[in-house]
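Number of protein chains: 2
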Amino acid sequence: MSEAAERSENIPAGKGKEGIPNGGNPEKSKEDFDLASIYVSDAQYNRNIYFDTSPEAVRLYLRYNHWLAKVLLYFFILVDLSLALFEEPAVLPLPIWATMLVELLCLLVFTIRLAHYAKVIPRDKFWKDPKNICIIVILLLTLVDMIIYGALKATNCYGVRWSRVLRPLLLVNVTEGRQLRRAFRSIRNALPQIFYVFLLFMFSLLMFSLMALKLLGKRGLKTIDGAPYFTNYLEIVFDLYVLVTTANSPDVMMPAYNSSFVFAIFFILYILINTYIFMSVFLAVVYNNYKKYLKEEVRQLVRAKRHKMARAFAVLQEHREEGGQPVVSQANWNQMVRLVQPDISNAHRELLWSVADDKNQGYIGKVAFVQLVDLLNIEVITLKSRPHPLQSACPALYLSAPSRLLCRLVQHRAFVIVYDLIILVNAVFIGLDEENPMVSNSEWVFLALYLLEILLKLYVFEPKAFFSRHSFWNCLSTAQIISTRFDTIIVVSALIATIINSAMKSTGGYTSRQILDIVFILRVLRLIRVVDSIKRFRAIINTLIRIGPAILTFGQLIIVVYYIFAMVGMELFKGKVKFFEEDSTDPDKAFCGNTDLKGTAFAQLNYCKNNFNNVVSSFILLVELTVVNQWHVLSSGFVAVTHVSARIFFILFHIMVVIIIINIFVAFVLEAFFVEYSVDKSDLQTSLERKIEELELAVEQEKLEDNLVNAMETIDNDQGAGQPVDNRPALMFKIASKRYRTVDALLQRMFEADLDPEDFAENDDPDGNFANPTFSSA
Amino acid sequence: MSEAAERSENIPAGKGKEGIPNGGNPEKSKEDFDLASIYVSDAQYNRNIYFDTSPEAVRLYLRYNHWLAKVLLYFFILVDLSLALFEEPAVLPLPIWATMLVELLCLLVFTIRLAHYAKVIPRDKFWKDPKNICIIVILLLTLVDMIIYGALKATNCYGVRWSRVLRPLLLVNVTEGRQLRRAFRSIRNALPQIFYVFLLFMFSLLMFSLMALKLLGKRGLKTIDGAPYFTNYLEIVFDLYVLVTTANSPDVMMPAYNSSFVFAIFFILYILINTYIFMSVFLAVVYNNYKKYLKEEVRQLVRAKRHKMARAFAVLQEHREEGGQPVVSQANWNQMVRLVQPDISNAHRELLWSVADDKNQGYIGKVAFVQLVDLLNIEVITLKSRPHPLQSACPALYLSAPSRLLCRLVQHRAFVIVYDLIILVNAVFIGLDEENPMVSNSEWVFLALYLLEILLKLYVFEPKAFFSRHSFWNCLSTAQIISTRFDTIIVVSALIATIINSAMKSTGGYTSRQILDIVFILRVLRLIRVVDSIKRFRAIINTLIRIGPAILTFGQLIIVVYYIFAMVGMELFKGKVKFFEEDSTDPDKAFCGNTDLKGTAFAQLNYCKNNFNNVVSSFILLVELTVVNQWHVLSSGFVAVTHVSARIFFILFHIMVVIIIINIFVAFVLEAFFVEYSVDKSDLQTSLERKIEELELAVEQEKLEDNLVNAMETIDNDQGAGQPVDNRPALMFKIASKRYRTVDALLQRMFEADLDPEDFAENDDPDGNFANPTFSSA
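Protein chains in written order, with the UniProt record's numbering: chain A, 1 to 778; chain B, 1 to 778.
FYI, nobody ran anything at the bench for these hints, they're computed from the structure.
Do not take every clue at face value.
Stated by the list, open to error - Heads up, simulated BS3-like pairs for lysine-lysine below, C-alpha to C-alpha not over 30 Å straight-line: (1) B:LYS598 to B:LYS222; (2) B:LYS70 to B:LYS153; (3) B:LYS291 to A:LYS292; (4) A:LYS222 to B:LYS589.
One chain only, chain A, in its complex shape (with noise of 0.2 Å):
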């Protein structure tokens, strides 16, 4: 939550080192293996826990990483999280004593995964850091708030839930939301700049009130429902705070410009200053100042990676020669590597230890070992090259002149021309009325066809290749995945729904809407295909998806933030506005059951839907205020009901959720594509790849990036036909460069040029106090 949280998130002065005789070369026990592997996986993932090297500690941090402990500590948050589901006013009413005992639980779950977490950091730094106070007081603040809330059910007294704001701070404050922190952090360190802009644009918007207020008001016009325009100085700044965001454009000009055209300047000047200048240096501001402190962070994270792997290598490391450079052998260097990774093939290692080791010495220098840590996070891809089954199954036939002619078909362009084609008439066909026998009936022939054409690249692919192509290609095109596993899944999918929905239909005679629309919603994804035929489009679907964990993280951003106002908006609104069935004939659904609202504009456009009535419709309302269009109105019926100063909850989320978040996010978007625009322009390859280009282990590297799919299907073309390929070797390596297995590596990818790549000063001082990235707040 806080940088001095992150602060004590340190990781132990070079313990291992000192265990280790300076001229020797003892053999290392499973615990020295043990305390290596973390510390690389820790840079790996970029943890900074400054945990236990004792033995035990170890085994237990080992634990506390496990994925099966993370996994539930996530389902347990969500658990915590969805009760608002069921809890009044409730979605699905539960008794209370169902989601006391649930949350109890949750609690539970949660002290016990802090009890771990303070068994496995020193005492006095558990203390220190302000994430964990901040658990343990939410924690006991939702204990004292559950008993205080029983005894006044208990007693039949009014009771408000309020410690349900604090459940997503949970989220932020376990120690794996990092990247949470880190954004919430950043937002923190770039508000004061956001502030003063902010102040500007209050002093701006309160002159032109001020004028308005002087130049209109008194001149007795009325707006459309003949109500005085312009008089009170309160109503006219709100109205000119809500034309900033165009929401009431050109209504509240209306009045006065159908007086005398002279005042459509006044306003035209107030748009182009406040909405287009003023909203523009918004932006900058915000993305100015994130993007500041962003790098920064990265470059702090870059440096404490770097430190941890040099701690992993004064533990493993060993003497080869009297008083010569500490190294790891490659022996240690397998073992460890399994530790870290037990899932890596042999293959695998070996191709990284050959471009660590690039000497074949036998053993590795500081520097090569520091950098094992990108070359883990590197996705390296293996690809063996095996015969098609039919071809070994029955040589003689699969060999034939037929069969070769049928594999060149399919594999030419034409064939790939032909299936656009068919999807596009297929679109056509989705278009039209499906009550037509015609065209119900043409959905089996779609169908057939694209079934028809999974089957014949069976034949033709080696199936194994052709399932687990994407894995293979997503790294030039991840569009790619769309015309293989993607695609058949659709289809599949779509043959099952269609003949089920089909047998319902020609049974009972009774049509399943669910499945009817199922089958729709796939016919209509069959369509992506067609995509990814234009390479243009390819490339920016591609950068989109790359850029899509980066993304999630502004997710849970924006989960949190939304929790925390759905939860107040509900005490504040529950059950003012209520919703009627559209056959409801009750006379109160003309103004959502609340007379406060007759004739308002909330009530005329049936907006009684957009309530605070429960966890659902608040979270829908929500988006509704941050797509801003109508926020006037939809805030005006919740004021009708309420009171007035209700306006501040729709500001004060106003200003949060469009100015700050949304801008933030717009920015992290633009400086996303600006990296893809310029590493695609340079093709600028991290020093990794190049060097492992240069072992010329990257074989078909060029061939591959110039045209993939053409290049794999000769390849496999030739296979088919049997001819030998003597230089090909058995074995081929493919880095998926260009997707970020973790979001900080996008981050580091981003920054990177600002980044000295041989910046290892950190390292020479393994004893060297580490600490995380700290800001003042100035």
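Given chain A, put chain B in place with the hints provided.
What follows is chain B alone, placed relative to chain A:
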């Protein structure tokens, strides 16, 4: 208009150089100085005109560049554009013969200007320049259109003045419209990239529309008007396109959401993908491409500038010693600078020379000479220190103890704070009801207080320094203008207006609404002074003011696009929607005088004044469309009175203005702010500024930078008090480095980091063929 047009704006091959004997130092003729000064002035203002170097052509060229000729040209362009006010449909109708006559006069002026240009540059260059061809074609087409229209009108037939859309293109194609042409060229070069993203966006839109049709079309849902919901594919596409602009959110979702909350997921997904991600990608693509091409253009611009300076050097050069490097003597230099910038002070010229000739040799080489253009473009302000006139007139009184105490009081920080408080109190009083006699009388008190402040400051500071202070200060803080000249004007005008107002009130009892409005506006404007007191605000406002001139280029761009759309819109929609005055009792008022509008949202929201009935309403309507909100209601109004295909006009406008131009505007503001931020941080100074500092001519530079106000006041105070300060020179120079005389200078500053400051390769090849920026459209 096009890059080909710029391509031929060349500078002649080094003619001047050939005319000079290699070893001798002949006296330079007046023609030589004229030629050299033209080169320098062209370089200074980045004019790229390939003029003839014969003396007559040079004289003609000088006349061509005369400020009066340019002002006349712009005046006639303005007249030509504003003819739209008087032509049918007119704001102020004039007879056809009058507007036709004025237009003929304009055409004549443009023809003369073009003929003048044709005489200046070589014939073949003239005909190769598409810019000139474009002007000729526009002139001819306008003439043809006028004849046809005149003939049709004479026979009472219906005629369309279609050539009016060509008028703004003149603004683009005149020689001086360089920045505008560059903006258009950047847009055109970015179009292919934008086009691919747009295609992908359209694909996504069509896919989602298809899905919406299949999912929602068959459910028998109704919109709020009772119309069937999502049953027509084209309507869905339009509705979802509008949803991307967020203008119909959440209304378009409500019927589906009322039926089931599951459908909200569909719309949220749609908004996430199309509004947030695709619109960010549009901004990223526009930003990236605009920056890329602009950077390349600026690079070419800098090279052209240096090349022109090298030409000027070649004209003026002489040889001090046999076989030595050619140089330019101080005498020649002085004469040339006097021609280029007649208003330059001797001291300033001396300063420039001492910067260029840093070894004090009496002559400068090529490199120093080429830098001259940058030196001339830096605004240097000279300030002579002189005593207060009262001190000279009556030293005994002015230097007496009470007088000095008064001076010290006025210069005290508390004086500023007191006046800030007075302004805040004033703001409250302005907000109160001015009918109250106490409030209206308080206005006299405030006016007196403000006048007192001005008088006090005049007493303390030297009057000339007080009034011209802004020109000395704006280099550091443009917001300071507000506190001196601007403030004085506002206060004096307010005083005059208030006196007139009360005089009219007391004599006739009649209050002029216009004068009262002016009084109110002036009163509110007075409050802006508060901003000046806060340092952080000043920085932001200074940046905004600094990028002001560049924003004007966008203003021109917008006007060109608006004008074209307004002309087309007026032909399509004029008279279809009528506006009735507020007090009209005409029953047609309810539906804007067109029965097709009965019951539409357009009429219900009283949008009747948003029409294309004259050029002023058209422009205001286009502004409203640019702000986006309710654009679907506005467009549906015009669709109702014409045909559904009228939507194309509005969608085209949205794509052109909102997606492309507004994004470029945002990109420009972002980039300018980033430059300002990075400049503020690194305190980067150009090499020239550094040179001036090295020579210690920029006296008080640091002191002034730190706190100019205090420094200035201390100096004035010292002086006022008559204490001699020995080490202060009589002349002080201050570099207005942060103001840019031309937009080009700002652009150069923006991309400075990527430009090699010592790239003179072009200059070493004086006969080399220099080409202006050219880009393939790929």
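*asked:* Of all the hints numbered above, which does this structure not satisfy? Sort the numbers upward.
replied: 2
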